[in-house]
Structure formats: C-alpha cells, structure tokens
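Residue numbers (this note's numbering), protein chains in the order written: chain B, 1 to 479; chain Z, 1001 to 1421.
It is possible that part of the hints are untrue.
Here are a few chain B residues that face chain Z, going by a calculated C-beta distance under 8 Å [as the list claims (entries may be wrong)]:
#1 Gly59
#2 Leu61
#3 Gly399
#4 Gly446
#5 Gly476
Far from chain B, by Cβ distances over 10 Å, these chain Z residues were calculated [said to hold, decoys possible]:
#6 Gln1074
#7 Val1200
#8 Thr1243
#9 Met1396
#10 Pro1407
Just so you know, the hints here were simulated from the structure itself, not pulled from any lab data.
Quick reminder that beta carbons are idealized off the backbone N, C-alpha and C, glycines included.
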Amino acid sequence: MLKTDVLIIGAGASGCAIARELSKYQLDVMVADKNEDVGGDASKSNSAIIHTGYDASPGTLESQLVVAANPMYDKLSEDLEIPFERVGAILPAITDEQFEKLPSIKEKAFKNRVYDVEYKTAEQLLKMEPNLNPEVKGGLYIPRESIIDPFLLVVALAENAQENGVSFLLSTKVTGLKIEGDRIAGAETTAGPIEAKYVINAAGLYCDEIAHMAGKDDYYVNPRKGQFYILDKNTSCKVEHIVLPIPTKLTKGKLMCPTIHGNMLVGPTAEDLTDKVDKSTTREGLDSIETDVRKLIPKVNLRDSITQYCGLRPNRNPEGLHVDTYDDVKNYVNLSGIRSTGLTGSVALGKYVAQTLIDIGMKAPFKTNFIEKRKNIPCFHKLSRNDQNLLIKQNPLYGKVICRCETITEGEIVEAIHRPIPARSVDAVKRRLRAGMGRCQGGFCGPRVIDILARELNIPVTEVNKNNKGSYMIAGKVR
Amino acid sequence: MHNIQCDVAIIGGGPAGLAAAVSAKKQGAQKVLIIERDTALGGILQQCIHPGFGLTYYNEELTGPEYYGRFIKQAESLGIESLLDTMVLEVQPTGKIICVNSKYGITYVDAKSVVLAMGCRERTRANIQIPGTRPAGIYTAGAAQRLINRQNEMVGREIVILGSGDIGMIMARRLTLEGAHVVAVVEIMNYLAGLTRNRVQCLDDYDIPLLLSHTVTRIVGNERVEGVYVAQVDENKRPIGETEEFYPCDTLLLSVGLIPENELSRATDIEISAVTNGPVVNQFMQTSNPAVFACGNVVHVNDLVDNVTLESEIAGREAARYAMGSFPQVKRRISLETGNNVRYLCPHLLDIADMDEQITLYFRVLAPEHNVTITAKSGDAVLYKKKAVKVNPGEMEHVTFKTGEIPASSDCVRVDVTKEV
Ligand SMILES: Cc1cc2nc3c(=O)[nH]c(=O)nc-3n(C[C@H](O)[C@H](O)[C@H](O)COP(=O)(O)OP(=O)(O)OC[C@H]3O[C@@H](n4cnc5c(N)ncnc54)[C@H](O)[C@@H]3O)c2cc1C
Ligand SMILES: Cc1cc2nc3c(=O)[nH]c(=O)nc-3n(C[C@H](O)[C@H](O)[C@H](O)COP(=O)(O)OP(=O)(O)OC[C@H]3O[C@@H](n4cnc5c(N)ncnc54)[C@H](O)[C@@H]3O)c2cc1C
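Given these sequences and hints, build the entire structure.
Have a look at this one:
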C-alpha cells in the first residue's frame, strides 16, 4: 500500500503550490489528481491575472493571501522560469456615476494595504491606452496588477516540487476517506488506497465532495461559469494594460487585457450553474462579453478571435475563502472558496497551509538540500538566432518547426514528453509549449503532434488522447 | 551560420512554388532555390489523392500527386535546387530570407528576388465561433485529409461535416469509402460553397445529405464529440431555435474556408489586401516590394490548381527578369475597380509598360446569379463582354483583355457582373 506523510488532493494551483512549499521540509508528500495531467481545472481556464488584492474584502483571509502573494511573483517567476509581466491595470470611469465611485475604490485598496493605487485623469488614461472609450472621465491605475502564464505557473510549481521529492499520482481520483476515531487514516482512490498522516483537500470545485467524505457538510460548491475570447496577436485593436470595469455589486465585470504571449483576452462572464461538468460556451454568454467590453474599448474586434473557452469558478455557499481545521478530524486541512483569485493567492496559500499543518502538530525539519530553481524547456522562438543555431547543433530536433503559428520545434515537444512530469496528451503538450494555441488552433501541428506522442510514448496513435481518458484523437488505422 | 546565395528564392514547394521555379529557370535565372518546410515537394496536393487536377492545364484528369509529379520532374531536369524540411522564419524587407532546418541550423538566403508561395491555412471552429464544449474529434477537413491520406489514420466513424467547400465534400466521399458514416454536410448559405462537380461526384453519388441554409449551433461531448445541434438559419444566417435538432456523431469536420498564409508577408511589410487576405499584386504578380513576387493560394484562394499554375508561371518569369535586371520599365498604373457583384479582382492593379500585354483578371462574385453579363470597361472602352448562364462564389471567373485597349485618358478598369433583363 502507498504511504505518505502528507496527501494533497488536487493538483491545481492550490495543490501544487502547497506541494512545493511542503517540499522544503523533510516530509513525504503525495499529490493525487483525477486528471491525466497537473494543472487543475479552474487553474487552466481563468483570466491569468496576478492580482494585487486592491478590491478584496478588507480583513478577509482572501485579502491577506492575495496581498501577500503579489510581491512574491518577481522572484518566483525568475526562480521557476515562468513568463510573468507587471503590465499594470487601469480602472476607467466611463459614466459620471462610475466616476463618483472612484474614491471609495481607492479607499478600499488602502484598507487592503495596496497603497500604490493612483488616480489618473482622462487625458493620462487615453495616453496610456489610446483605444479606451474617449468618453472616459478619469480612473485609477493599479501598477502591480500583472499577467502570467497560468499553465506554466502550475506546471513549474509541480515540477519543482517533484524535483524536491514530491510524488504526483495522476489519473487518480479520491473516492473516499477512511476515518478512524478523530483522524483520517488514509484515502481510497481509483489507483488503490493511500495511507496518510495528514490530508489536505485542495479539490477546487469538488472540495465539498471531499469534505463530505471527511464528514464535513457545512458548505457546498456551485460552479460560476466564466466565458472568454482570445484574440489573434494581429487583431486590429489591442490594449497594453489590464483594462478593468468599475465593479458592480454583482460582479467584477468583464475586462480586456494582453496575455503574456501577446494575444488579447476578453471576458469573463459570471454565470451561476448547478452542473459541475458544464464546460460549454454559449452564444448568449459570448455576446454579452461583446456588449460589455465595448463600453470600455469600443473598437474591440471579436471577429479576430482564435479561440473561445470557459472556466468554472468554485463558488462556495456560504461565500468566503476558508482554510479550516477541525477538532474531530485532527489531521485534515480543508480548503474551500478558492474562487476568483486562487491563481494569485496560491503561492501564499502554500505557505499558509504549511504553517497550518505545523499548528495542528505536524513536526518536520527543513530540508538542507532544497532546490529552489527550475529550468524551463528552452523556448526556441525567444532565443537569438545565434543561440537557436547552437541549440540545433546540440540537438537537431530543435531545427524542425512543428507548430508554425507559435514556432514550436520538435525538440521542445520531445523534451516536454520526457520531463519528470511528462506531457502525455495533445493538450498537455499545448499547455506547456503553446503548440496548437496559435491562430490555426492545431490545424497544422495537430496531426504531427499526435504522431510524435505515439512515437515517443511508444503507444499506438489510437491511444493518444486530447486530454483525459476517452478523448481519443484517432479512431483507428485506415484499412 | 549557414549562408546561401541565389538568383530567385521561392518560399513554398507546392504547385505554385514548383511552377514558379520551373518558369524562372526557363526564363534564364541561374540559380533557383525552393525552400519547403515539408519533407517533400508538392504542397497540399500530396494529400489530394483524388482525381480532378489538370483538366484545363493538361486537358487530362490527374490525381494531385500525378499533377505535381510532372513539375517535379521538370524541376529536376532543369537543375532547380531545393531545401526541404526547412521552415522559413522571416523574410526581411531587403529580401534576405532566414530559415531553419535540422541539418544546417539557422540559414540565411540572399536572393535577388523572392517568390512567396506559402499556400493557405484553414479557418477553424473559433473563427466561426461555434459554441459548446471543446472535446476531441473536431478537425478541419484538410487536417483530417492529411491524417487519412498521409498518416493512414481515421479520424472517426460517425461524421458531420460543416461547410460545403471542396475539401469538405471530397472528405465526405473519402470517409465513406473508408467505412465511416457521413451523417450530413451542413452549409449555412443557401448555395454550395464548392464546385458543383464535387457535389455530384462526392455527395449525390453516395447519398450523403446536403443541408443548405443550416448550421451547427452547438457542440456536445466532454471527452470526445458526442453530437452536434444543427438548426436551419433565417435570411440573416441566424439559427431558427425551433428547428434545432441533435445529430449524434463522434466527429465534426470543418470545411469553412481557407485563409492565405501571410505571416511572413506581413512581417516583410508588403501591402496586404483586406479582401483577399493576400499580398496586393500587379499583373506581374509583383507585390508592393518590387523584389518580392507572390503566387498561388498565398495571394488568393484558388479552387483549381490549373489557375494556380498559370499565375505562378507569371510570377516565376517576372521574378527571374527582376533578378536578371530585365524587368520592364513601368509607365503608368491602372487601378482595378470591383463593380456590381464582384468581390475581388486578382491581380489587384496593373502596372503598364510599353508593350501590349495580354491580361487575365481572376475574380469571384459576391452572390450566385443566373443569366448574367460579365464586362470589363475602361472609360468608354469595353475591354471584355461575355454572357454566363450561371455564376457562383464557389467558382472563380475571369476576364481577359490587352493593355493596349485601355484608353490613354483612363487610369481605371472596372469589372461588373450584371443580371440580364
Ligand atoms: C473564469 C475565471 C477567471 C479567473 N481569473 C483569475 C485571475 O485572473 N487571477 C486569479 O488569481 N485567479 C483567477 N481565477 C481563480 C483561479 O483560477 C482559481 O481560484 C484557482 O485556479 C483554483 O485553484 P485550485 O487548485 O484550488 O482548483 P483547481 O484548479 O480547480 O484544481 C482542483 C483539482 O482538484 C482535482 N480534484 C477534484 N476532485 C478530485 C478527487 N476526488 N480526486 C482527485 N482529484 C480531484 C481536480 O481534478 C483539479 O485538478 C479565475 C477563475 C475562473 C474560473
Ligand atoms: C484539400 C484540397 C483539395 C483540392 N482539390 C482540388 C481538385 O480536386 N482539383 C483542383 O484543380 N484543385 C484542387 N485544390 C486546389 C489546389 O490544389 C490548390 O489551390 C493548390 O494546391 C495551391 O497551391 P499552392 O502552391 O499555392 O499552395 P500549397 O499546395 O498549399 O503549397 C504551399 C507550400 O508552401 C509551404 N510553406 C508554407 N509556409 C512555409 C514556410 N514558412 N517555410 C517553408 N515552406 C512553407 C507548404 O509546406 C506547402 O508545401 C484543392 C486544394 C485543397 C487544399
């Protein structure tokens, strides 16, 4: 039977950040996830913004975590080689009514200890962002709101954790928790039982189901859908900052911002659902994005969209981000309500949960040989011609371009497939390298990536999946 | 870094690049080099194993490989060089080409003139914004064609095809022959997007239903496609809710249009037409950068390879003349105007030299029409006039005239397609 000191359920941003933090201690750590790859659910379909926390509810745990996390990203992104950029956000007031709200938003930022929020005049804003609605009255500038590659953030956290000894059990769904007295003895999973001294529930949308297995039923989670457009890098109307609407009571609203790779991201919607597997975009949802974002950026051109997708925020009822421990289940940490800022907060959450474990009695000395840095796969198209040439001399596969839109080479793909946490599906390759994320959406590289996966993993092409089990790409060989 | 010098460099070794290379060499260019990212020459025709090529150029019905095979033979006997498995990364405004392969690494090619012949790519699900989930089993028709014909891999068993373009219809037949069941071909317009002969030979002959004025409104399935909703559309192409019906299937193929592949051209700073999405060219197939020529699907999407060959021969010939310093001296520029029911004209303009040149302007109509007159006029002069029983956006039309017929007082030629009354 598998045994571990700490079992983390869920390999999204939360689970992987916790795993990396715990890998600094002399502990056995295991992360189990039902998916075929690390990366989570919500963690791979979000706005990819590293927030400052300026608009959080002051005094809440969410505010603490986000405010604490934001400054960590400069070093983290360097250590783990994650694309990250401090582009800054603007919050333009288009109507007089919105203009009147600016002081209270600034005051709230102040209460959250985000002191660098500044007022900007209409003229200043239009200079910063020429495509802004010219009717803008003035607005706020939040310099440390930033953008990141969300896939690489989670993959990098996981890879670094793994290098420091954490094991990842993928395609492993936790189906039950075994409770003995006031402790959890272990978990039942689709890959067999796992004995654990501590169990952490980081299961996102499904954290209520895990909580139920631990005998806790004080909340439930419903999905809050967010739909998005991604626009071509060449789209006619672009922005350089994160352009945020003035929030209403109901929602943070729909924004437009650059992605870390130079596309435009437009969205998201906020639609409360009951069905946890409904990951479908809808005409109405997409149309509402257009209507709303036009108020900020009138010339946004959604016909330049190269993809539309949606993510499900784990919305806790009653609301609020919680890290709970219990007297009657002593070795269990329950995370819930990691809804709209969980990507940002993850790295602070990792530290918070590590401390929580210590608070409930876990004893573990620090490791003396923690490896702090992680090397990314060489990114061919970002190198100078000279360095590209050197790389090809070392490994000729870097001379073969497979994804023509994003200029991703076979060398990169083969390396991703053979990383310690391997990319074993078409989407796993895509998330790590962006092969298939460009304007032709895999029309060109898709067939080639399928063949490379089959060859490198030594499996028949019919076993190559898009992502999870059942998502086969090829139905059979031609007669 | 590896360096190569040549007279004419051709980017893309499909039918366009091959024809341009052969014609450049015949015109007298010394060193002609084709740069191709695939492991073999032939372009998209390598996966077009069906017959239907060469009907006008050779007066024969050939398969794709037979058609380009004839050009490869010529190219070989003329001593045309090619760099295969080599991706062009950049064409600088000076004409310098930067490309990469496994053998030489980063390679710089200095050419006296360049021919762009990169072909086109397919429009995707996202371009037409079909709502729903994002499961496996959604392919563009060309990608599916590659999988089946070059990689011997079947994409699925129960297939719905969206779009009645030629590739979609050809794939409907191909998949049927391989034992799959094509549930329907769904087309949003009230007319066929591709060639009528393909409808007859690929759909009707196999009893594959064609649903005109219908579209896919939603994709269903979490891991693999489980089906699609199909609805009739109104005259504004908006789905009519009540007509929505579920079609179980495991695969959705998209044949919803092609876009010229102009990433390189854009970076080269040459003028791109907003209508054809390809470089603006004159009758020499010369772009706004005088040393850069373009031909084939990179300029405008062609349905017949025969037309591609003809315009590519011009591009190759003129690129050779440019490289050798014998390019004609241009005297005046004639603009080309799209009149009634004309979507675009290719070439996009005429640069008139002294000689009396024979010009062919290719074009597509905006909407299908019966019993029309096609005219080309310049000032008071009628340069071309012909009746046609039927025109259709899916089939390219053309007009021809001689530059000498353009009146000296006029600087414009206009093409119209008008219904006879
Ligand atoms: C539309 C949208 C926009 C957002 N924008 C931002 C933003 O700009 N900035 C930001 O900071 N945050 C943003 N968020 C929030 C952020 O994405 C989430 O808070 C965060 O990703 C949650 O991470 P997680 O690891 O807790 O959950 P998830 O990523 O959902 O991971 C949970 C994991 O648990 C696994 N799991 C569940 N049940 C089981 C089981 N029984 N057994 C094994 N494994 C299981 C799942 O497979 C999954 O991998 C956004 C979210 C959405 C949806
Ligand atoms: C699926 C399909 C079916 C068809 N069926 C018929 C038919 O039945 N009858 C008919 O007459 N016509 C048919 N056609 C039309 C005709 O074949 C095409 O119009 C013709 O192939 C276009 O030729 P091309 O050389 O412009 O483009 P392509 O054939 O696409 O060639 C372009 C070449 O450029 C290369 N390339 C692109 N970018 C780069 C780069 N950066 N570096 C290096 N190389 C590059 C590509 O690899 C490719 O080999 C069909 C077309 C398609 C797509």
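So, going through the hints one by one against the coordinates:
At a threshold of 8 Å, the smallest CB-CB gap from Gly59 (chain B) to chain Z is about 39 Å, leaving the interface hint violated. Taking 8 Å as the C-beta contact cut-off toward chain Z, the hint placing Leu61 (chain B) at the interface is violated, the least distance being around 33 Å. At a threshold of 8 Å, the smallest CB-CB gap from Gly399 (chain B) to chain Z is about 4 Å, leaving the interface hint in force. Checking Gly446 (chain B) against chain Z by beta carbon gives a least distance of about 6 Å; that is within 8 Å, so the hint holds.
Below 8 Å, beta-carbon pairs count as interface contacts, and Gly476 (chain B) has one with chain Z at about 5 Å; its hint therefore holds. With a least CB separation of 28 Å from chain B, Gln1074 (chain Z) remains clear of the 10 Å interface cut-off, as annotated. Val1200 (chain Z), annotated as away from the interface, keeps every beta carbon of chain B farther than 10 Å; the closest lies near 25 Å. The Cβ of Thr1243 (chain Z) sits about 15 Å from the closest Cβ of chain B, beyond the 10 Å cut-off, so the non-interface label holds.
Look at Met1396 (chain Z): its CB is around 23 Å from the nearest CB on chain B, clear of 10 Å, so calling it non-interface holds up. Every C-beta of chain B lies more than 10 Å from that of Pro1407 (chain Z), the closest at about 38 Å, which supports listing it as non-interface.
Checked against the numbered hints above, the structure violates hints 1, 2; every other hint is satisfied.
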